[in-house]
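4 protein chains.
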Amino acid sequence: MHETPRNPRDLTGLDLDDILGTINAEVRQRFGEGRVADYIPSLADVPRDRFGIALALLDGSVHEAGNARERFSIQSISKVYTLTLALEAIGDELWKRVDREPSGDPFNSLIQLEHEKGIPRNPFMNAGALVTADVVLSGFDAPERTLLEFLRKRSGNPEVGTDEVVARSERESGYRNVALANFIRSFGNLHNDVQDVLDFYYLQCSLRMDCVDLARSVQYLANAGRCPVSGERVTSAEGTTRINSVMMTAGTYDAAGDFAFYVGLPAKSGVGGGIVAVVPHVMGLCVWSPGLDEKGNSLLGRYALHRFTRMTGLAVF
Amino acid sequence: MHETPRNPRDLTGLDLDDILGTINAEVRQRFGEGRVADYIPSLADVPRDRFGIALALLDGSVHEAGNARERFSIQSISKVYTLTLALEAIGDELWKRVDREPSGDPFNSLIQLEHEKGIPRNPFMNAGALVTADVVLSGFDAPERTLLEFLRKRSGNPEVGTDEVVARSERESGYRNVALANFIRSFGNLHNDVQDVLDFYYLQCSLRMDCVDLARSVQYLANAGRCPVSGERVTSAEGTTRINSVMMTAGTYDAAGDFAFYVGLPAKSGVGGGIVAVVPHVMGLCVWSPGLDEKGNSLLGRYALHRFTRMTGLAVF
Amino acid sequence: MHETPRNPRDLTGLDLDDILGTINAEVRQRFGEGRVADYIPSLADVPRDRFGIALALLDGSVHEAGNARERFSIQSISKVYTLTLALEAIGDELWKRVDREPSGDPFNSLIQLEHEKGIPRNPFMNAGALVTADVVLSGFDAPERTLLEFLRKRSGNPEVGTDEVVARSERESGYRNVALANFIRSFGNLHNDVQDVLDFYYLQCSLRMDCVDLARSVQYLANAGRCPVSGERVTSAEGTTRINSVMMTAGTYDAAGDFAFYVGLPAKSGVGGGIVAVVPHVMGLCVWSPGLDEKGNSLLGRYALHRFTRMTGLAVF
Amino acid sequence: MHETPRNPRDLTGLDLDDILGTINAEVRQRFGEGRVADYIPSLADVPRDRFGIALALLDGSVHEAGNARERFSIQSISKVYTLTLALEAIGDELWKRVDREPSGDPFNSLIQLEHEKGIPRNPFMNAGALVTADVVLSGFDAPERTLLEFLRKRSGNPEVGTDEVVARSERESGYRNVALANFIRSFGNLHNDVQDVLDFYYLQCSLRMDCVDLARSVQYLANAGRCPVSGERVTSAEGTTRINSVMMTAGTYDAAGDFAFYVGLPAKSGVGGGIVAVVPHVMGLCVWSPGLDEKGNSLLGRYALHRFTRMTGLAVF
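Chains as they are written, first to last, in the working numbering: chain Y, 369 to 685; chain W, 369 to 685; chain Z, 369 to 685; chain B, 369 to 685.
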């Protein structure tokens with residue numbers, strides 16, 4: 369019965385373009401708030417006065433406002449897609465190597481890994497994303513191409529690509545990630561060469577996409593795992609629920625509780641300032657604004673999502 | 369616009385009594401699984417071959433199956449109600465004394481408290497529930513009576529009461545809670561006498577209610593904060609969203625991620641074997657079966673909720 | 369052969385009174401440094417311009433300078449004596465309930481207790497001292513009197529007593545100790561009533577003695593466990609070595625490494641500003657000055673001991 | 369006055385050869401106890417039925433028994449020498465980058481590093497040894513040769529060398545060390561290339577020496593920092609005290625408290641089964657037996673040192 373959803377939220381009477389216009393105007397008043405990620409120069413250079421929002425409804429329509437067609441570094445948003453690919457590769461075996469629970473705070477990540485014998489708490493922490501990357505590396509003949517093609521297909525944009533400069537910068541400054549990867553490897557929970565895993569991880573983080581691309585790219589998570597255009601199965605219905613629930617409980621760094629309240633949708637953020645979200649059975653969406661709050665989520669993006677769910681009544685709670 | 373919800377899930381064509389009957393039959397096949405909480409004798413004595421389920425719809429109808437009219441010790445389910453009362457007492461000031469984020473694992477609770485200067489991660493961890501109890505103690509003239517009357521009103525059952533034997537047992541064996549309370553007190557985050565806070569906490573945990581009582585008692589969380597019978601405002605719409613989101617991300621001990629996937633509803637469990645859950649805009653519900661899984665949640669209760677959301681399509685994801 | 373020590377350091381040519389006079393003069397130049405413990409009022413009231421030093425040689429002679437006859441609150445120095453009594457009560461069985469290793473830093477005390485199932489790292493951490501107090505409580509019919517008589521005999525001063533005001537203050541403000549005691553109790557590693565253990569612990573910390581008393585009171589630790597006056601065995605030769613080695617590796621809070629270098633003698637400090645030390649085979653000694661350094665050890669006392677071992681060549685390294 | 373030591377322990381009447389013979393015979397009865405380090409094959413291959421002991425007195429005499437002329441992998445014993453070289457290179461500046469306190473337990477090492485901003489607790493933990501290696505790398509033009517020459521001079525054996533196979537094995541299996549080094553690097557507390565630091569560290573651990581070499585190599589630590597043969601100053605008197613005190617409080621992994629009691633001398637162990645120790649003002653000594661106890665120290669080596677100090681009365685306590 370699960371395939372016949374009981375909760376197709378009602379959009380009757382909502383003027384989505386008007387709502388996006390209002391949000392866009394409100395957000396632009398607040399440009400300058402937040403702090404741009406600066407751990408690598410190519411991210412630090414992005415101007416803060418940018419905001420885009422895009423909705424990709426399951427009926428095929430797209431609504432957008434602001435800089436919704438400007439590309440940015442998707443960073444950790446990519447973890448949603450590699451998680452999907454890892455589930456394709458080995459199914460529920462994945463959960464023997466990475467857990468599905470919230471992580472508490474960053475402070476604990478290493479001690480948790482030690483305590484839990486190298487099993488990361490969830491696939492969206494860096495540790496979990498490294499294990500996920502390792503699974504993708506083992507599971508596909510040409511993992512980089514597989515990931516690129518996955519995103520080009522999901523977004524319908526054949527020009528989705530990676531940013532070599534960003535990937536290289538990450539590689540040059542990522543001592544923590546190298547530490548993490550070697551630590552996990554010491555527990556036997558990485559099977560590929562540590563540097564290969566890191567290189568794939570830096571590559572996935574360096575993907576550049578815009579809000580419309582990303583809103584489309586998460587539509588399958590609103591559609592029980594199927595592409596709404598082609599009807600192709602991207603992941604199982606159960607896999608979809610799993611991914612959405614991990615987004616809800618662990619998608620926004622240490623602010624998952626706050627997002628569940630303030631936004632009320634499964635969401636995944638990246639330090640490039642993007643956040644994707646899912647209204648189950650209705651749409652994929654994406655916001656982008658480079659200024660981050662102290663938890664590392666887009667400050668104005670978070671506000672925009674809050675306004676959106678409050679104005680539309682589309683939050684899950 | 370928030371007051372006009374967009375997600376009133378469709379119940380058309382669902383035979384809820386039939387579904388509950390099926391679940392009840394399935395669960396009874398599995399009696400004997402799980403382990404009854406035995407840290408105090410009065411809990412250990414409860415037989416494992418019990419299962420009840422009750423739905424309290426916003427239209428006033430109640431559906432039930434199994435031992436839905438047998439009372440049990442609600443234990444940590446009470447934290448939902450004291451949280452509601454604490455918000456009534458001091459509003460968002462509460463969040464200066466307790467955070468709203470998932471907690472990671474129990475292993476970290478004390479070190480987190482130390483690290484975070486006595487601010488518990490959320491109101492559903494024991495530490496957070498002690499702070500919440502402290503707020504209720506300060507906020508009402510007759511806190512015990514206030515809590516009892518709250519539950520009698522919410523459940524419509526004037527006979528809701530506490531179990532002195534359970535409260536006394538908890539008091540006699542709760543060294544950890546005494547440790548926790550004194551530790552929080554050392555940070556100045558309890559304002560009342562430590563023993564008074566503990567006594568109130570043991571009292572709230574010792575409340576006895578049945579599935580029907582409890583399903584009705586969480587209806588306001590499905591109804592934007594209003595009692596569906598009297599229309600009385602119990603908590604604000606924002607407060608409701610807050611409570612539901614904390615239930616989703618932290619309501620089931622260390623299994624919140626698993627529950628978000630497997631059940632997909634805001635829920636709060638207790639070691640007495642009860643679990644309340646909320647289908648926003650539709651109903652409050654409650655399951656009960658005393659055998660616990662290794663995370664401390666009712667093993668068969670969790671299964672029943674899973675079956676329920678899968679059979680009805682009412683999960684939020 | 370152990371009973372015939374090979375390392376009776378040579379005192380030939382040392383004018384101990386001259387050395388103490390020099391140190392006393394140097395220290396008085398620095399009065400005002402350090403910070404007096406202020407967690408209870410009766411400690412905060414002690415003036416900082418006090419310094420005493422006393423040596424009690426095994427030949428019976430005593431050398432002293434400064435305020436060596438002014439009493440102060442011995443606080444954690446008492447842990448040396450309760451450790452001795454606990455070894456008398458149950459011998460090496462004690463080491464099943466408390467370990468003998470350095471503790472790292474205070475930050476870890478609770479997590480270590482959790483990780484190590486309620487076994488404190490050593491008898492000089494508060495947690496370990498509570499277990500030691502519990503052993504003394506079980507091991508003697510009149511533990512308070514036993515402790516008092518032990519110190520009166522060791523010091524030769526029948527007027528050694530406790531300070532009710534200090535003990536009461538500790539009791540009123542010691543939420544952390546209450547937390548710790550209940551936490552240990554939850555692991556079953558306290559056998560007496562928690563409050564009784566705490567009361568005994570506060571009593572031992574409230575003992576008042578002067579430098580001469582204390583220097584004499586540790587002579588048995590310089591004399592293979594025997595009283596140098598009466599020849600009475602206080603503890604075994606092995607027990608003496610054990611106590612000295614715990615003092616060396618864990619006697620000065622988180623500064624054991626620093627003390628081993630800077631002072632080079634087994635030592636035990638208290639927040640009242642006293643520090644006892646042992647020159648094996650030669651003497652017991654004690655310094656006192658109320659101003660503490662950031663680790664909680666007497667700032668000028670530490671300096672005085674450093675000067676003393678550097679001027680005399682009596683450090684063990 | 370420090371240069372004229374007051375504690376030249378008396379060797380009169382001790383027949384050191386007889387004592388070593390007794391110990392050697394006792395130890396051989398127990399061959400087979402302990403577990404050989406097996407994390408790299410070249411260590412796992414060493415037979416357990418080996419025991420050597422050597423004393424190098426400041427008067428130039430050497431006493432030995434058993435396999436005192438068989439070389440083994442010195443492993444962490446090398447940390448004593450790189451610490452000496454790091455102090456030569458930058459003096460007390462070293463202590464801004466590494467602390468001098470015991471570390472608590474291994475469980476905490478990463479969380480401590482995080483908490484203490486990348487400053488390892490002491491130079492004998494792996495983290496601290498990596499920082500020390502980094503200082504040596506920066507401080508000498510030809511650091512490998514400097515280290516080799518240091519040990520050839522100290523031991524008087526021009527054939528001291530490294531074991532390429534061991535160094536390579538360590539490099540291939542040392543994921544934890546790579547993790548650690550990158551983690552420290554992320555705090556800015558390694559200045560050289562991470563791989564260069566690791567390579568130097570693996571090289572120092574792969575040094576091969578015998579008991580006589582090693583006993584001679586620590587003589588300067590018994591002689592206030594001077595070579596007893598040439599009179600050359602190896603390190604300052606204060607540096608000597610510092611190194612000895614770090615050996616006492618942190619030289620034997622998590623068993624420093626136990627060693628202080630059971631052996632009572634500054635000592636440094638390695639997983640190759642060697643332990644060096646210092647009797648201040650009297651001798652350097654070394655024991656070797658490959659079987660390790662559960663803390664990673666040579667089980668029979670520890671026993672031999674215990675017997676030695678108990679038979680000679682040369683322990684510092």
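Calculated from the structure, these hints are not laboratory results.
The model shown is predicted, which means the values in this text are computed figures rather than measured ones.
Please note: incorrect hints may appear among the correct ones.
Which copy is meant is left open, because identical chains are indistinguishable; a pair holds if it fits in one copy or across any two.
What the hints assert, rightly or not - The calculated SDA-like cross-link candidates involving lysine to any residue, where the alpha carbons are at most 20 Å apart (straight line), are: (1) Lys464 to Glu662; (2) Lys663 to Ile487; (3) Lys521 to Leu426; (4) Lys663 to Trp463; (5) Lys464 to Glu606; (6) Lys464 to Asn494; (7) Lys464 to Lys663; (8) Lys485 to Arg544.
Now for the hints, and whether the structure bears them out:
Taking the closest pair of Cα atoms, Lys464 and Glu662 come within 20 Å of each other only across two copies (17 Å); inside a single copy the shortest separation is 32 Å, beyond that limit. Proximity of Lys663 and Ile487 under a CA criterion of 20 Å is satisfied inter-copy only: 17 Å between copies versus 23 Å inside one chain copy. In this assembly of identical chains, Lys521 and Leu426 lie within 20 Å of each other by CA distance solely inside one copy; the values are 16 Å within and 43 Å between copies. When the C-alpha separation of Lys663 and Trp463 is checked against a cutoff of 20 Å, the pair qualifies only between copies, where the shortest distance is 17 Å, while the shortest distance within a copy is 27 Å.
Taking the shortest Cα distances, Lys464 and Glu606 sit within 20 Å of each other inside one copy (17 Å), while across copies they are farther apart (38 Å). In this homomeric assembly, Lys464 and Asn494 come within 20 Å of each other (Cα to Cα) only inside a single copy, at 17 Å, whereas the closest approach across copies is 29 Å. In the homo-oligomer, the alpha carbons of Lys464 and Lys663 lie at most 20 Å apart only across protomers (17 Å), although the nearest pairing inside one protomer, at 29 Å, exceeds that limit. Taking the closest pair of Cα atoms, Lys485 and Arg544 come within 20 Å of each other both inside a single copy (19 Å) and across two copies (13 Å).
Going down the numbered hints, you'll see the structure goes against none, and every one checks out.
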